[in-house]
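Student: Residue-level listing of the chains:
There are 2 protein chains.
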Amino acid sequence: MHEVKAMTNILYMTVVEDLKDKIMKGIYQPGDMLKSESEMMKEYSVSRMTLRKSLSLLSNAGYIYSVPGKGHFVCEPETDLYQFRFQDYDSLACEIDKIKLTSVKIEDTGDKVRDLLGGGVTGKNVVLERMAFCAKNPVAIEMVYFPYVPHEPVIEEKLHFANYPKALETRNLFALKKELSVQLVDVPEEVGEKLQCNQGEPVFLITKKVRKKDTNAIISVSKFYIKKEYFSIKAFTPEEDDSKKIF
Amino acid sequence: MHEVKAMTNILYMTVVEDLKDKIMKGIYQPGDMLKSESEMMKEYSVSRMTLRKSLSLLSNAGYIYSVPGKGHFVCEPETDLYQFRFQDYDSLACEIDKIKLTSVKIEDTGDKVRDLLGGGVTGKNVVLERMAFCAKNPVAIEMVYFPYVPHEPVIEEKLHFANYPKALETRNLFALKKELSVQLVDVPEEVGEKLQCNQGEPVFLITKKVRKKDTNAIISVSKFYIKKEYFSIKAFTPEEDDSKKIF
DNA sequence: CAGTGGTCTAGACCACGTG
DNA sequence: ACGTGGTCTAGACCACTGG
Numbered sequence: 072m073h074e075v076k077a078m079t080n081i082l083y084m085t086v087v088e089d090l091k092d093k094i095m096k097g098i099y100q101p102g103d104m105l106k107s108e109s110e111m112m113k114e115y116s117v118s119r120m121t122l123r124k125s126l127s128l129l130s131n132a133g134y135i136y137s138v139p140g141k142g143h144f145v146c147e148p149e150t151d152l153y154q155f156r157f158q159d160y161d162s163l164a165c166e167i168d169k170i171k172l173t174s175v176k177i178e179d180t181g182d183k184v185r186d187l188l189g190g191g192v193t194g195k196n197v198v199l200e201r202m203a204f205c206a207k208n209p210v211a212i213e214m215v216y217f218p219y220v221p222h223e224p225v226i227e228e229k230l231h232f233a234n235y236p237k238a239l240e241t242r243n244l245f246a247l248k249k250e251l252s253v254q255l256v257d258v259p260e261e262v263g264e265k266l267q268c269n270q271g272e273p274v275f276l277i278t279k280k281v282r283k284k285d286t287n288a289i290i291s292v293s294k295f296y297i298k299k300e301y302f303s304i305k306a307f308t309p310e311e312d313d314s315k316k317i318f
Numbered sequence: 072m073h074e075v076k077a078m079t080n081i082l083y084m085t086v087v088e089d090l091k092d093k094i095m096k097g098i099y100q101p102g103d104m105l106k107s108e109s110e111m112m113k114e115y116s117v118s119r120m121t122l123r124k125s126l127s128l129l130s131n132a133g134y135i136y137s138v139p140g141k142g143h144f145v146c147e148p149e150t151d152l153y154q155f156r157f158q159d160y161d162s163l164a165c166e167i168d169k170i171k172l173t174s175v176k177i178e179d180t181g182d183k184v185r186d187l188l189g190g191g192v193t194g195k196n197v198v199l200e201r202m203a204f205c206a207k208n209p210v211a212i213e214m215v216y217f218p219y220v221p222h223e224p225v226i227e228e229k230l231h232f233a234n235y236p237k238a239l240e241t242r243n244l245f246a247l248k249k250e251l252s253v254q255l256v257d258v259p260e261e262v263g264e265k266l267q268c269n270q271g272e273p274v275f276l277i278t279k280k281v282r283k284k285d286t287n288a289i290i291s292v293s294k295f296y297i298k299k300e301y302f303s304i305k306a307f308t309p310e311e312d313d314s315k316k317i318f
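Chain order of the listed sequences is R and B.
Mapping the first sequence onto our numbering, position 207 (from 1) lands on 278, and the numbers just tick up by one.
Mapping the second sequence onto our numbering, position 129 (from 1) lands on 200, and the numbers just tick up by one.
Hints listed in this document are in silico derivations from the structure and should not be mistaken for laboratory results.
Keep in mind that the hints are not guaranteed to be accurate.
Same chains, same label: a pair holds when it works inside one copy or across any pair of copies.
In silico BS3-like cross-links for lysine-lysine, where the CA-CA straight-line distance does not exceed 25 Å [said to hold, decoys possible]:
| hint | residue 1 | residue 2 |
| --- | --- | --- |
| 1 | LYS294 | LYS207 |
| 2 | LYS284 | LYS294 |
| 3 | LYS283 | LYS91 |
| 4 | LYS113 | LYS265 |
| 5 | LYS113 | LYS171 |
| 6 | LYS96 | LYS106 |
Required output: the full structure, derived from the provided sequences and hints.
Tutor: What follows is the structure, encoded as structure tokens:
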């Protein structure tokens, strides 16, 4: 049995570890109901609030859920969910030695992207273009679209963003959510020229949309074209951290 | 001010929503310290445990963290983390109308993959090969490697897994974690023939490793080769669910 | 109806960080 | 020494589910 025994003498942790252990070992299977709270209080000799703290942690970690009036149950495990980080140029598979702001334009009509942005009153969009180089060779190009708001001082900052991508993602990051689409496309002609690709060569196209959490309005759309050799993803099933979220 | 006011009369939720609101609006900035618990107890007229329940929720959702002896602080937001689902053949960009088990072998020597698997006493690995078809055309091929354990009944199940990929991912999903690597490679010759690709054509290679959470031992390695038109990823910054994890 | 989980309180003791 | 957050208790009332 060689119980690895918790290195904590924190009551609720011993309960968490015991239950987690039983789930890991399959003693409790997905769908099974745990004992009732009053039974577990006796079994572990803890108060109700302490026991519930343990159950709460197990719930947050995706092991159990509860149904009022019935009991606590073991979850169906989430096994197909993966996480990865994408930090714009930091995510490329090479050392970027130069990032160059290559174009700043304000477009006002006929742009399909404008609809996405739900353009403001003016309907004008700022379009920035940036390129990343590795050993003098272009490896990626990025086009960023966001609504042009006249007289907004933030724009000025954004226009100097060559090395400060974050500047584009407004003041309060908590209020934003982002979507990423990763696909392989045949390089568009103008992009191919700039990246020095053969015509029709496949390149990664990563589209990033930034939205407001509350209204869902799109704040910006970015299109990254990346030479196919310079991008890959490593993703992992989420781990519980067991740290900092302690209380 | 038009407070959208919570549709709950749950005390701890009103606290959560007020604090979250202040963070969203930037009244509290990342790094800022919140008021002390005793101050907030008075401010919201709640007991300590109720207040701490609110703080716990905000902590789980990534808004705040705490430092014993000092106070509660607003987090630096996590903005570059994305999630997506990868469910083997269900993740392809087309309707798979047929999955065919094309080969079952037991290899025992000189295989580079064996090291990865940390082969058991026998050092033998089972190698399965499966292909997915869309409108009669092959679109993906998968090679799965896992240790051969003589007399283990599970093997028998696995060998019939043509349409049951999950069978490969052992009895207790809670005890497993997975890694995914997504890259673009030139199609290897044998794979190219089977997928009917031109030589040297780029294809997606997705490598999936399944490990035990406790020992980190690799349980299986899968290699998916997917024709480049048939794969893409859509990923999102994690959302708080605000449901089921209620207690 | 009795049993379950969900919310909430008032109090206690501790370990930690700052002066 | 004092204030902070971290742990824990005993008890209360409620809404829900089931027989």
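Student: Next, verify each hint and record whether it holds.
Tutor: Now for the hints, and whether the structure bears them out:
{"no.": "1", "hint": "LYS294 with LYS207", "result": "within (22 Å within a copy, 34 Å between copies)"}
{"no.": "2", "hint": "LYS284 with LYS294", "result": "within (21 Å within a copy, 37 Å between copies)"}
{"no.": "3", "hint": "LYS283 with LYS91", "result": "between (37 Å within a copy, 15 Å between copies)"}
{"no.": "4", "hint": "LYS113 with LYS265", "result": "neither (71 Å within a copy, 62 Å between copies)"}
{"no.": "5", "hint": "LYS113 with LYS171", "result": "neither (66 Å within a copy, 53 Å between copies)"}
{"no.": "6", "hint": "LYS96 with LYS106", "result": "within (17 Å within a copy, 43 Å between copies)"}
The structure shown violates the earlier hints numbered 4, 5.
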